[in-house]
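Visitor: Residue numbers (my numbering), protein chains in the order written: chain U, 1 to 556; chain A, 557 to 1112.
These are calculated hints, taken from the structure and not from any lab test.
Hints may contain errors.
Claimed, not checked - Here chain A is said to cover these stretches of chain U; the calculated rule only asks that three of the stretch's residues, wherever they fall, bring their Cβ under 8 Å from a Cβ of chain A:
1) 213-219
2) 344-354
3) 453-467
Here the structure is a predicted model, which is why all the values come from computation and not from measurement.
For each residue, glycine too, the CB sits at the ideal point set by N, CA and C.
Number of protein chains: 2
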Amino acid sequence: MTDSSTPGPSGSGSPTDRSWWGWGTVDQALSDAECTALGKLIPGAADTPLPVPDVPALALPKVRVRPPSALAPLMSSAPRDRASHTYGKAYRDVLRALAGDVSAAPDQVVRPRTEQHVIDVLDWAAEADVAVVPYGAGSSVVGGVEYRADARHGVVSLDLSALDQVLEIDRVSRAARIQAGALGPDLEAQLRPYGLTLRHFPQSFEFSTLGGWLATRAGGHYATLFTHIDDLVESLRVVTPVGINESLRLPGSGAGPSPDRLFLGSEGTLGVITEAWMRLQERPRHKASATVVFDDFHAAVEAVRAVSQSGLHPANCRLLDPGEAALAGVAQDGESVLVLGVESAHAPVDARLTELLALARDHGGTPMSGGPDGGDTAARTWRSAFLRMPYLRDALARMSVVTETFETACTWDRAPELYETVRGRLTEVVREVTGAVGTVNCRFTHVYADGPAPYFTVIAPGRRGAEVAMWDEIKSAAMDLLHDLGATVTHHHAVGRDHRPGYDRQRPEPFALALGAAKRALDPAGILNPGVLIDPTAPAFNDSKPAAFSDPTTVG
Amino acid sequence: MTDSSTPGPSGSGSPTDRSWWGWGTVDQALSDAECTALGKLIPGAADTPLPVPDVPALALPKVRVRPPSALAPLMSSAPRDRASHTYGKAYRDVLRALAGDVSAAPDQVVRPRTEQHVIDVLDWAAEADVAVVPYGAGSSVVGGVEYRADARHGVVSLDLSALDQVLEIDRVSRAARIQAGALGPDLEAQLRPYGLTLRHFPQSFEFSTLGGWLATRAGGHYATLFTHIDDLVESLRVVTPVGINESLRLPGSGAGPSPDRLFLGSEGTLGVITEAWMRLQERPRHKASATVVFDDFHAAVEAVRAVSQSGLHPANCRLLDPGEAALAGVAQDGESVLVLGVESAHAPVDARLTELLALARDHGGTPMSGGPDGGDTAARTWRSAFLRMPYLRDALARMSVVTETFETACTWDRAPELYETVRGRLTEVVREVTGAVGTVNCRFTHVYADGPAPYFTVIAPGRRGAEVAMWDEIKSAAMDLLHDLGATVTHHHAVGRDHRPGYDRQRPEPFALALGAAKRALDPAGILNPGVLIDPTAPAFNDSKPAAFSDPTTVG
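Isolated chain U (complex conformation) (with noise of 0.2 Å):
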């Protein structure tokens, strides 16, 4: 953290305070300037920036809940925390905070110092029919942390953020105990000192916390194996309203259905994860990546297939098609780039990466870089874009340039087809929508031995007060596009609300009853992020009565 006091570009607060209406912190967002320059890369993006409105300037609702004694001092009603709190960071979450809509803010922000807090809160809110949404650092794309419903007596923004301590550590068996709320660069350098890493770097890692991580399957810096916060669990601890719900610390078990995989993806639905026994790993000593060029993209894809069924794991396999790797700057036109890379703890991976690359080349690819520790300039390129993309997103969104990603994954058999389809089609869509001819790129992010798991950006010229309608347009012709190509409407992004129309089509009926009774076992008040993941009124959470169970003369 820096102490300049050069003020960001607008909005209100210090520099390095979190922006309250978009990515990150305030100094890092792009000037009014910027964002113009940025504009005229773009044909027919708006001439000058959305400006971004002062929180006193807001028109927030009245608080309709107040704190219980025996809370006021965890909770604030403060404007500014309101208004920080009302959406995640997707598209549409920021162009309503642009345009001033915070009609959605919760009542109040309440901020837990010890568990017990969070068992309190929970009570309290049960009693008095407020709604509670758990919330971490608010980088969800999806929903996940904005209150769409209206028949509760009101709403709390449960922030976890003071909950980030690693707490405990067993070097033995290289896991640690770390609390729900710890950013990723603090937790990582409270690990540091004992040479170990999580080694979880989602793009939002900077802003985003393993509690939310854990509730949303985030997907993480390892390409391959690892791939989800998911295996990276060692065991959960998870209040929930009818108690706090806690798993051995085991490396393996075969006891049962899982437990931690319930509340894996729950999306604070089910209880509030206050902390997990995380596997950590040693930080690696050795590395190196490389860069491949393809000249034919479904050749690339092969290759990525075959490094993918090698067995030889490499830590990063990104794919970038011609637009993404065009937009990154990493390639000439019409290139397809592979970034790889492997690292080892303990033994030079040298030789890995050699293997890697003969396969590479087996399928058409030129090797144009690369070699040990970093020391391969694209793949370095590429990864400091990466990072920045959400501020340029948040530029693109005050230029009224629509863009959206998604993401999903599928297997290899029906990838080359996914790949057509989603950018034909979408191309189409975006024109209808736009009325201009945008860009739909596509890069694989994660890949498993049976499928790869591609990531579309797009990006259209929109129209100054109607972006918020076109990117709900496209984003449900995506998702139609998915649920068509029988692909997940999400890798690890979560489902949240916006995901919702694609998740209840792709959810088999049987396991939504059954998601349906645990959620009303575990949380029988309905007030755990309500609208998430599934719908309490729908017809299938309902529906679920049983009439046998309710005679005792009729259980075996």
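Starting from the known structure of chain U, fit chain A onto it as the hints suggest.
Guide: What follows is chain A alone, placed relative to chain U:
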């Protein structure tokens, strides 16, 4: 399958027939003379083997349930079918069968030939109040296929062995759609022409099915990385009483809690798995293995920990403690033995084996033999003993020797204490229970970066007629020990009915509520495998009927 007509040692049936009372096929069982010779090796064993009852002489209970006419062609109440489907293959199962106790025999054995048959059976059973016990090949050692309740009008064993086909192969994604009733050798035979393999080889491989592996989260071939069948699942198809649950074929997903993970380990209580898309491997072309001897077991444990945390992912990494190694005939007195194996379909593996052996040497190990392609005699010797073990267990049972195997997992920090405490305390328990000096040996079957999966074998001379009671006491003491040590009640043998006391204490209470609620939602009549995993009559199962959600006005 051979055509030999040499008669089996006793009992009825042709030699390659499955044993109705014990492991495997009749022709592989030890003869009376072999049993007697084996007994002489265990001081205190009986002088003569327990006789094997002939099926016609068994006092099977009256058949309470007659098949409806539509299902009659699928059902059998033949004595041999009923007797062979009464139990799994736990020690107590074998002993009770030898005692002629088949009082828990199912009324009917039903063998669906199509998925529609499965649906029809469940519909009929719910209507007729008949319990349904899904049955793959009956290798459960935890009471998973034995009906113990008596509140129903009857019970059928749902034998899925006719659903044994590989239905579809996707060579591009390396996956296959396989029916749940396929035995290990049968499904491998169908995959072999394509150069592919599931490579899941539990000890029960010959006599267990894909559906059984999935329902019980079986542990397989790989000692590291893809240890459980869970990791090889792309999608599941499950017939539940409320409908078919089919998940998308996906290499990975982050859309809510994993639907498949609810059914993996559900042990037939939530539905009947009828087929699955499974991730396959190419058949390995490069293999190497080696045996390392250690004077000190705890040094060997440290070596295995180093291996598990090295990222080298050996396919085999079995550590035998001195007792286990002596029993398998692969080491001198007091020595521990580590069997290491590496394999790859693509590249030579010798360098990796060399790195593994270096780690073993660093911890005081002495490589004894080894080389490419199964040149390692000790490993071969051990593997052959491993596959023969269940037959020996049956022979010991006939000599009234009490044998019990149980397996667990814990983190590395607790592994030495677990090993010493379990061996020490259980040796005392065995003396208290049997009055004799028994042996308690241990091997690690699977290892993870954060801990091992220790597998214990107890052998002690019992008292004729009291074998089951003695076994129950030892089993109960073992479960208590594991619970006190914070280790799981099972790493890959499942819960069934025998592990319920340990599982009920281990499972977090809120998860128990969620699982009970899911059970009621999917199996409203409570017909599926009653008593396994959850008890429909237990308070935890019934206390989760929330009041709030019955009142729609409070639903947000």
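Visitor: Could you work out which of the previously given hints the structure breaks and list their numbers from low to high?
Guide: 3
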